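Q: In case you want the letters, here they are:
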Amino acid sequence: MTSSHPRRFALVGCGAISELYYAPALVEVSKIIPLEMVALYDPSPDRTASLLRIFPNAKSVSNIEDLIATSPDLAVVASPAKFHSSQAIDLLSVGVHVLCEKPMASSVSEAESMIIAARRANCVLAIGLFRRFFPALQTIKDIIDKGTLGPVRHFHFEEGGLFNWPAASASFFQKNNSQGGVLLDLGVHLLDLICWWLGEPKSMLYEDDMMGNLEANCRLILAYENGITGDIRMSRDTSCSNTYTIEFERGRIAWKVGESNQLKLYLNDLPFDFHSQLCKDNLPASNYNQSFVRQILNFVSASMGLESVLVPGEEGIRSLKLIQQCYTHRTLMAMPWLTDLEIQGCSKLCAGES
Amino acid sequence: MTPTIAVLGASGFVGSRLLELYHLTGYAKLRPIVRNYSSLARLARFDLDWRIADACDQEALTAALEGCDAVINLIVANPDVIVANASVTYQAAQAAGIQRLVFMSSASVHGQAPAPGTDETSPLHTNHRFAYNNAKVRAEYELNRCRRRGSVELVILRPGIVFGPRSRWVSDIADQLLGNQAYLINDGHGICNSIYVDNLIEAITLALTVPSADRETFLVGDRERVTWFHFYSLIANGLGYDINNVVCLSPPQFTSTLFDRFEAVRTSKPVQALLPRIPRLMKEAAKGAIKTVSAPPISSPWRLPDVLTPNVTEEMTQLQLCSVHLPHEKAQRILDYNANVSFAEGIKRSLGWLQFAGYPIQLH
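Residue numbers (this note's numbering), protein chains in the order written: chain A, 1 to 354; chain B, 1001 to 1364.
Among the hints, erroneous ones may be present.
From chain A, some residues computed to sit far from chain B (all C-beta separations above 10 Å) [as the list claims (entries may be wrong)]: (1) 199; (2) 227; (3) 235; (4) 333.
No more than 27 Å apart at the CA atoms, straight line, and that leaves these computed lysine-lysine pairs for DSS-like [what the hints assert, rightly or not]: (5) 348(A) / 1348(B); (6) 321(A) / 175(A); (7) 348(A) / 1029(B); (8) 31(A) / 59(A); (9) 175(A) / 1348(B); (10) 31(A) / 146(A).
Honestly, the hints are just simulated from the structure, not real lab data. Being a predicted model, the structure only gives us computed values, none of them experimental. Beta carbons: idealized from backbone N, C-alpha and C, even for Gly.
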């Protein structure tokens, strides 16, 4: 894949996700498709400085208008979620293709505005739900769609653990910056995969442990028209198995979170399990980092009209809708170790929220 | 007036429970202090006035403590930080005008298996086998030295095995039982000097408020005399696991490997002071050589796979060899400490947390 003119790239938000993921992935992509990083934006000059070491020719700007003035063709929006919508719309409206980090927006209405802006501008709006690029998860999609193991019966997903992302600011944990806790953070990936694999559920029960700010634990119970049931647990507080298990009529698949090219397969009535490394043409399928690179390649190629974008805004909004539904109908999780006086205190805090 | 209390190490398991209890009951205005943004995850369930500060940075800690009445030091860290943080916290508290500091030491200052008759008056030493024990002793020495010169009141608590929601003593034992990796030394007859986390918080609360507690150190624990068998069997029961399946062992002999001895020398203070002057390549070569020499032999391809056996640690063995129920008469006498939550109730609430955390608890 080549192009004579380098695609002009801009990066909005220079936090941990940009430094640890986007920067190295963009460097790798630029070896395949010529890219030129033209602008970096972050309100913190320290954050911008760390990215300038990787992209020394980029211009450090202090607002989106100055960034637009550098005439980028494409931009990654990786700022705190509450800024995604306004920044993406500003960029799309002047014809800049946008890859927006997850969650695509703070609310469904903001996400809808982004989709409209992309359609009006005839620009690509891709959402950074990059797990869809994992070969293991694409394989699960195929197994479900083709009925390889028969119909799905039940699924049990657990994800999280004591929070260890090297957050560069407190925005993750402040309600005025992040409109949700663990559900918004991890659930946006997890629910995106559920929507992609099985579609939207018929009914959903949701509970969490938010007591005045943002939840650290949550649980969901889902049911589908065709009888499939599922239960989900997410946590930033306690260890989880970090395994997605899907039970089919003829067996079971288990996927360990983060293992982009490995699956465990359990076939009914067989004495042994398969712990499989996915390969194609004798080569291992893309690993975690390579999948991230493939996401950006897909975005850049889509912006050039060479392929369709794998996770457009219309797909990104699906998990956001489920999350909004969860928060609307949330109930407080039972915490049996709390004293009666504490439970009364919880009720007061939760009443203050509603 | 509601006091403002700073909690150092607020994201740990005792800190998390303390924040829950104090915040939800309105006992105090809280100022959680943690070392980085990521540590806010647990406490962000509540809308609290938190601060970020390095436990060894006196200036940052002083700023974080400004406006507080008292500070509870619950920091969990490596031995060097435990020692360094002790005087830093005291000096920061002094500079910030804090009235009282409650320091969480540990009953392990007396060793994992203390001698009969051990109480708060028993002499301490820094020749324990575990660096953690020595660090807690040194931290107590530092704090008592600071108290002699400073005006911030000081209370030191020495709990034993603190269990409850989010405690490793609960989740690790549950994991070991479910993975058939649990073990008991000498049939679990040893004494587990347990303290349910809410009882520890009862002691902290009294330590914050009882005037005559200043300059005192207290051993604190549950009312009951609990054996390790009892502790394991109640968790096993909650999980529907047959306690008779737990492996019972005689105490094994622990010998240090060449690598352990190398590490002990490498991490010693004099060597650490010298290390920056030694070229990196030389250091890596030495480490690599020691690792190669002390690596386990390559398994024969003819050998059948081993059945998983428990990973018996020296610390756990020592703890299970304990024959002494540490007293808390002094805490009862001076603080009016009662250990209000019974051991059985503490286990019940811990099992409730295990269920919350996704463990297959079978409630009876």
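Q: Compare the structure with each hint and give your call.
A: Structure-based check of all given hints:
1. 199: holds, 26 Å
2. 227: Holds: least Cβ distance 24 Å, greater than 10 Å.
3. 235: violated, 8 Å
4. 333: Non-interface label on residue 333(A) violated, nearest chain B Cβ at 7 Å vs cutoff 10 Å.
5. 348(A) / 1348(B): holds, 25 Å
6. 321(A) / 175(A): It holds: about 19 Å lies between the C-alpha atoms, which stays within 27 Å.
7. 348(A) / 1029(B): holds, 16 Å
8. 31(A) / 59(A): Cα-Cα ~21 Å, so holds.
9. 175(A) / 1348(B): violated, 33 Å
10. 31(A) / 146(A): Judged against 27 Å, a Cα distance of about 36 Å means the pair is violated.
Going down the numbered hints, you'll see the structure goes against 3, 4, 9 and 10, while the others check out.
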